[in-house]
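Chemist: So you can see what is in the structure, the chains are spelled out below.
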Amino acid sequence: MPDTFETKKQEKTVVTDVPREAGVDLRLPAVVPAVPYPIETLVPQVNQQTPAVGQRVTRPDGRMHGLGQTKYIDDMSFPGMLHAKIKRAGIASARIVRIDTSAAEAMPGVMAVVTGRDIPVNSFGPSYQDQPVLADERVFHAGDGVAAVAALTEQIALDALEKVKVEYEPLPAVFDPVEALQESSHKVHGTDTNVYAKKTIRKGDVERGFAQADHVFENRFSTQMVEHVSLEPHAAIADWDANGRVTIWCTIGRITLARGDMARTLKHPMSRIRMVGTVVGGNFGGKNEITQEPVLALLSKKTGRPVKGVYSRGEEFTSTTTRHPIIMDYKTGVTKDGKIIARKVRLVLDGGAYCSWSETTLGKAAILSAGPYNIENLDVEAYVVYTNKTMTGAMRGFGAPQVCFAYESHMDDIAKALGIDPLEIRLRNAFGEGSASPTGQVLHSVVVKESLLKAAERFGWKEGRS
Amino acid sequence: MTDVVLRVNGRERKASVPPETTLLQLLREHLGLTGSKLGCDVGDCGACTVIVDGKAVNSCLMLAGQVDGREVLTIEGLATRDRLHPIQRAFEERASLQCGFCGPGSIMSAKALLDENLDPTPQEIRDALAGNLCRCTGYTKMIEAIQDAARELRTEKSARTAP
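Chains Z and W, in that order, are what the protein sequence lines are.
Position one of the first sequence corresponds to residue 145 (the numbering used here), numbered consecutively onward.
Position one of the second sequence corresponds to residue 128 (the numbering used here), numbered consecutively onward.
Hints are computed from structural coordinates only; laboratory data are not their basis.
Errors might be hidden in some of the hints.
[What the hints assert, rightly or not] Only pairs whose alpha carbons sit at most 20 Å apart, straight line, appear in this in silico DMTMM-like list of lysine to aspartate or glutamate: (1) Z:K446 to Z:E249; (2) Z:K215 to W:E198; (3) W:K268 to Z:D205; (4) Z:K215 to W:D168.
[Claimed, not checked] Calculated from the model, a selection of chain Z residues having no Cβ within reach of chain W, i.e. all distances over 10 Å: (5) A386; (6) N387; (7) P516; (8) C548.
Just so you know, even glycine gets a beta-carbon here, dropped at the ideal spot from N, CA and C.
Isolated chain W, as found in the complex (with noise of 0.2 Å):
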């Protein structure tokens, strides 16, 4: 067995998993974060997209034992108590999300995106999600809400360093 603490969505989180387990697993069989879809199992398709020190990662292709001592981010670390993460309500209210599947993944990977530059171009936000398949062609939605969400992000930070 392989004994793992990290840090997920600003928790101390310990476990002790086989050695064969990936972060995918670890997160959705041991820690019950099962908002991370395992859709390929390969690092194909990106359902399983978290951040892991700042960086998207494709979780299933992750050691459990990759991540000791390390910060990770899951879909479920974005809202707070109060309000939906910018990112979650742009989705929402450009209906980017159909059948859901990809959703926290390409979530996930915006999300990385966006912490590095809060103004990417549309290239870059293509770029950012080239990771992450959707069967159901939403893409153009998904392109607009993280366009929507990063002008939110942009307002909230000027009005946090505005004197």
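Extracted from the complex, chain Z is given alone in its bound form (with noise of 0.2 Å):
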């Protein structure tokens, strides 16, 4: 089998190494890899190494990139495109008392103003719909968008938001999640409490086992807010035609997810809506959910010409998703040999402004927070709060990084304080073959130890130490 591998190989390569010609400059080499025939399949056996290992590959979009030929958002554009700015509210909590848009209306150049109520269903969001896409009456974090403005160019765009004049009547604002959670303080959105999801996980009796531990250990870890800085920003282009089809170019990474928001945001049957997700310039989960689209399909639908918005980096960090912040409680009962027997945690993730993607994030925080060990006896309380604050929402490993700095640092202390070398108090709790998740789901091909101990023998561990 590696032979067949080896062939089709070589075949891509001499074509790699001599780019032919190509009618046209920087459109080259326009020649498509040979396809051998009969296709083989290569499908390992179970249990045997898949001859993928070890051989060279290169991706299929490799060469489109070098040559800055890759399409992406900002390299797009249409006959009569139009660009479209939003204005940000610039304060925390806030009624809008009137938005006057007339100035910016008349300014040579704009072709259309929208506001957050000309939005048909102003909320949306993958768990809680709890986000509007322009904010009409209230403000909820300084990020929000207020109006939007679409000109002939991005520069009469920008000139026309300093022309939108949005009186506010500030309101009280809470910006600490550990404040959040108590009675007397501020509601976001109004409801009785500012906790919008809670995760718990019980496992044995955390008591009786702190009662039994021999040391407990408490601390407390905190994160702080990250933002994904996707070097392409968020983008799209919004084209509304005549017969009432919306076709939408947008780098967002779930677009089926996305096509539900657009119809339900804007009223609009879901078959007339297109999303076309075009080569995304990094993600990494900050492009989950629609943020500007509707907005640009508004006014698209106003103007009767395609649409473009490209956000700022300073909107990229106020006003897209980010990494939750989350604050760590951790008390943990061990034997005088470093066995864990008890583990009690409590987590407040920071949700900012609007749920987005926390609530998947706070279970996979709190299901990954006891650290791959086994621990009989384990207490698991997770909140997230609004705040008054940039929303956090999905970004690489969702929640799981936290927990991880928090769970592991603990053990470093615990390690230090009982005298055992770190490596080895993690061998005697790390999760093996058949051990339970702290939900009960039993784990297969578990190497934890193996990958620790061939690490370290990488490293030089042990010599590093002596």
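Since each chain sits alone in its own frame, please combine them into the complex, following the hints.
Modeler: Given below as structure tokens:
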């Protein structure tokens, strides 16, 4: 079987090495690699090494990227296309008293202005539909959009934003997630509590475990808000045609979900909405739901022209989702030889102004918060709360990196206090074949210990410490 | 309006643009060369890197008026009719680019480096790429690719200069 693979590989290499002449500059080499017939499918047998291991592969999109020929959204344009910009609130919590767009609309080159009241159904979100497309009555965080302008050039659109006058009545706000948990705190969305999702995991009897433990360790860990900073900013082009068909070119990773959100927010049949997912210049979880797309669609409907919107780097930080800051309280009971017998975890996730993917993140953070360790008695409670800050959502790992930082730091503290080698204490507690996760999932192909030992051997763990 | 006459990728180009137009906007919007990317618009990310008179610059920080009479090389000017530039080929073979958005800028920084120094140390390559951010974090493979390309360019050069 490996022989076949070699043959295929060679044919491809020949083409790569000698790009043939194509008609036009910069479009070369437009030669498709030859396909050997009959097409052979390589199916590795169970428990056998796949022949792909050890082979050099290139990416199918690598050549276009390297030539600068990949068309990202901002590289596309259509005849008559307009440029849209969104005015940001700049105030974390307020009531919008009035918005005056007349001066902006009167500007030469400005083709249309929309505000939150123009959005047919002004709410969306993957778990709870708590996020407005543009703020209409209330502003929940400083990055909320309040009005959008479509103009002949980006510069005119930016100038017009200055002329949109918004009158705010400032309201109380809450920025600290622990403070937001308290009963007396400001309620971001006016509900009884700022907690909008909770996850509990209980196993064994954690109090009895602490009573039996030789030592009990407690510590608080916290992480900060992180933005994905994909190099390509959020961008989209909307084209609403005269038959009521809307085409959206967008960078969204989940376009089917986005199509549903578009249908909901625009109150438009899904069959009349076409989403075109283009090459994405980095997502990392930050482009998993709609942002400005309904606004662009409405601006296109109003003007009858395609409308492009590209976020500025500043908007990326203030107005798109970020990674959850989490405040993590750990309490762990261990025997004198370093075996963990009880662990209590309290997580408070700062959800920002809207839910976005918080519920998913909360679940994963809670399940993984005990770490890859066998713990008889476990008690995890995790909350995600609203604050008047930029919303937090999906980002690579969905809450896993934050809790990993906490439980591994905690593990090092315990090892140091007990005078046990940090590697050794992990080997004593780590999952093995057939271990069950905190939620009872029986795990197979578990190689935590083997991986740790191999890594320790490779980078000279023992040698480095002696 | 500002009138500019410049050489882009070896050809003379003329444009009449608003005075606030940056070199990046001139290339992307007026000359149709969208290979250089806009990532941050403040000179942090390097996605807009092009070569002006032999030096790598952030084209988002340079005004179109400043390149009047100068020579600009963009990513579109690297590949010839017959072949990819060795840096482009090495980037492809090493799979150095993931989402690809930083690619044109990184390749132009590498080109500016190799034009001056055909045998850079890994540290010199790192320094040359210091202004190019990659959020997919593929720096290692870029450095390997630039080493490959340097090797190939050295071979080509010695073949050319051999009697």
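Chemist: Evaluate each hint against the coordinates.
Modeler: Verification of the supplied hints:
For a cut-off of 20 Å, the pair hint linking K446 of chain Z to E249 of chain Z stands: about 13 Å separates their Cα positions. Taking the CA atoms of K215 of chain Z and E198 of chain W, the gap is near 25 Å; set against the 20 Å cutoff, the hint is violated. Between K268 of chain W and D205 of chain Z, the direct Cα distance comes to roughly 16 Å. Compliance with the 20 Å bound is thereby established for this hinted pair. Between K215 of chain Z and D168 of chain W the alpha-carbon distance is near 19 Å, which keeps this suggested pair within the 20 Å criterion.
The Cβ of A386 of chain Z sits about 27 Å from the closest Cβ of chain W, beyond the 10 Å cut-off, so the non-interface label holds. Once the 10 Å rule is applied to beta carbons, N387 of chain Z is consistent with being away from chain W; the minimum gap is 30 Å. Against the 10 Å criterion, P516 of chain Z stays outside the reach of chain W, whose nearest CB is about 24 Å from its own CB. For C548 of chain Z, the condition that its CB be more than 10 Å from all CB atoms of chain W holds, with the nearest at approximately 18 Å.
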